[in-house]
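Could you build the full structure based on these sequences and the hints that come with them?
Under the numbering used here, the letters of the sequence shown match residues 1 to 448, in that order.
Watch out, some of these pointers could steer you wrong.
As the list claims (entries may be wrong) - Heads up, simulated BS3-like pairs for lysine-lysine below, C-alpha to C-alpha not over 27 Å straight-line:
1. K180 with K53
2. K53 with K200
3. K59 with K180
4. K215 with K200
5. K60 with K215
In short, the hints are calculated from the structure, not lab data.
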Amino acid sequence: MTLPSTSHHLDIKHFQGVPEVSLDSSSSNASSYSSEKPKLVTWDSPSDPENPKNWPRLKKWRATIVISLFAFTAPMSSSMSAPALDIISKELKIPLGMQTNLVMSIFLLAYSLGPGQAMSVYQLAPVLGPVIAPIIGAYISQYTTWRWAFWSLSLFCLILQFIAFIAFPETYTPRLLNLKARRLRESTQNPDLRTEWDDKTLSNILRISLTRPWKMLGTQPIIQLLCLYQAFNFGMLYLIISSLPTLWEERYGMAKGTASLNYLALLGSVIGSTIFGPSIDSFYRYLTQRNINNRSDIDSLASEKGDTSNNQEGVPEYRLPLMVPASLISAGGIFLFGWSAQAKMHWIVPDIGIALFTAASVICYLSIQMYLVDTYTRYAASASAASCFLRSIAALTFPLFAPGLFERLGYGMGCSVLGCVCLGLGIPAPILLWRVGARLRARSGFVE
1 MTLPSTSHHL DIKHFQGVPE VSLDSSSSNA SSYSSEKPKL VTWDSPSDPE
51 NPKNWPRLKK WRATIVISLF AFTAPMSSSM SAPALDIISK ELKIPLGMQT
101 NLVMSIFLLA YSLGPGQAMS VYQLAPVLGP VIAPIIGAYI SQYTTWRWAF
151 WSLSLFCLIL QFIAFIAFPE TYTPRLLNLK ARRLRESTQN PDLRTEWDDK
201 TLSNILRISL TRPWKMLGTQ PIIQLLCLYQ AFNFGMLYLI ISSLPTLWEE
251 RYGMAKGTAS LNYLALLGSV IGSTIFGPSI DSFYRYLTQR NINNRSDIDS
301 LASEKGDTSN NQEGVPEYRL PLMVPASLIS AGGIFLFGWS AQAKMHWIVP
351 DIGIALFTAA SVICYLSIQM YLVDTYTRYA ASASAASCFL RSIAALTFPL
401 FAPGLFERLG YGMGCSVLGC VCLGLGIPAP ILLWRVGARL RARSGFVE
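Encoded structure:
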């Protein structure tokens with residue numbers, strides 16, 4: 001009996017590590033598919049249309065837009081209540097100060113416990129969330145009730161879930177190959193067909209997923225150094241978000257709706273992401289080309305340590321140089337915001353300080369994320385999880401000490417302290433990794 005002529009035959013011919021077999025072989029020869037080792041199902045070829053990397057452009061963009069909406073919703077939810085904190089505290093009799101800001105910052109604690117152009121859209125979504133949400137929340141709380149800030153978020157999330165259920169395709173390779181192997185087992189009657197993920201149990205997956213980020217956070221100096229600075233920037237962002245209602249409404253005497261428009265200064269992060277973000281790649285390509293023409297000191301050091309895999313493609317340290325000027329601008333923005341607010345200068349001046357800080361901090365964020373991905377490749381998700389934990393803890397705690405900091409030191413001195421911390425973390429980190437990053441990567445058990 002001849003095997004039916006279906007598209008699945010091509011799948012059979014491309015089992016990893018299995019010789020090609022005749023598509024016209026009889027069922028008596030079908031036993032050749034069974035051996036001591038199960039046949040491994042992979043993609044047919046690098047251009048397999050079932051591989052999400054080879055999907056049509058329209059399908060890729062559909063998936064990107066839907067997942068970006070989810071990325072937009074999370075930070076939007078965390079900051080939408082900021083303009084209404086004073087109303088919430090009065091109605092629920094919450095003492096002003098740290099307890100009031102805890103209403104907003106406690107949301108961010110859950111982040112610490114959770115898991116090209118398209119990337120620019122995805123990066124842009126969480127940046128826009130904290131910009132738009134406080135403005136919406138301010139007008140909602142001013143003209144209706146603060147409860148609608150939460151109800152509207154729930155309604156938006158419900159609609160988004162419905163859209164995702166209809167429009168968002170499966171993109172996870174293990175799941176797609178699992179479905180492919182199931183189809184092949186049914187069409188070929190060969191129970192030995194497997195994927196490389198079939199033997200992994202749920203308990204084993206959970207054990208690795210829950211422990212590896214902690215191991216990397218505790219043992220990897222690269223993660224500790226970079227993610228500490230990234231956590232500071234993230235915490236500083238939410239410190240600003242939580243402090244703006246008091247600054248504009250009490251110190252500047254603006255109405256709640258008008259005061260919320262100052263959150264548009266956070267659009268500096270959009271400038272940093274969309275305009276200056278691509279310059280990280282441009283600088284990386286420039287240094288890589290220079291490396292090919294004339295080996296730099298860092299590549300010689302990497303070669304001595306046996307790290308030659310990236311010599312012709314650049315090394316992760318090429319992602320870091322822009323962090324130095326970005327950190328200087330970030331600290332300058334903090335100083336400008338603090339002292340202009342202290343002097344009650346025109347509202348545009350503190351907003352310029354906020355815009356400078358957010359634009360520069362996004363450049364640092366992108367540099368760090370690219371460095372972690374280039375360094376840890378296979379374990380990049382675990383490195384990002386470790387980074388996310390530190391960022392979330394900072395976002396939780398910074399708004400809590402903001403009222404006391406500005407009450408005791410004022411906006412000028414308070415922001416001066418924060419600006420000095422920014423310089424102390426942001427300048428040495430990239431310089432140090434530029435010098436010893438290759439050594440640290442060579443010694444790491446998580447770098448392949």
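Okay, the hints, checked on the actual structure:
Between K180 and K53 the CA atoms are separated by roughly 16 Å; this keeps the pair inside 27 Å, and the hint holds. For the hint pairing K53 with K200, the CA-to-CA distance comes to about 24 Å; that is within 27 Å, so the pair holds. As the CA atoms of K59 and K180 are separated by approximately 19 Å, the hinted pair is consistent with the 27 Å bound. With a C-alpha separation of about 21 Å, the suggested pairing of K215 with K200 holds against the 27 Å cut-off.
Proposed proximity of K60 and K215 is contradicted: the alpha carbons are some 34 Å apart, above 27 Å.
Checked against the numbered hints listed earlier, the structure breaks hint 5 alone; every other hint is satisfied.
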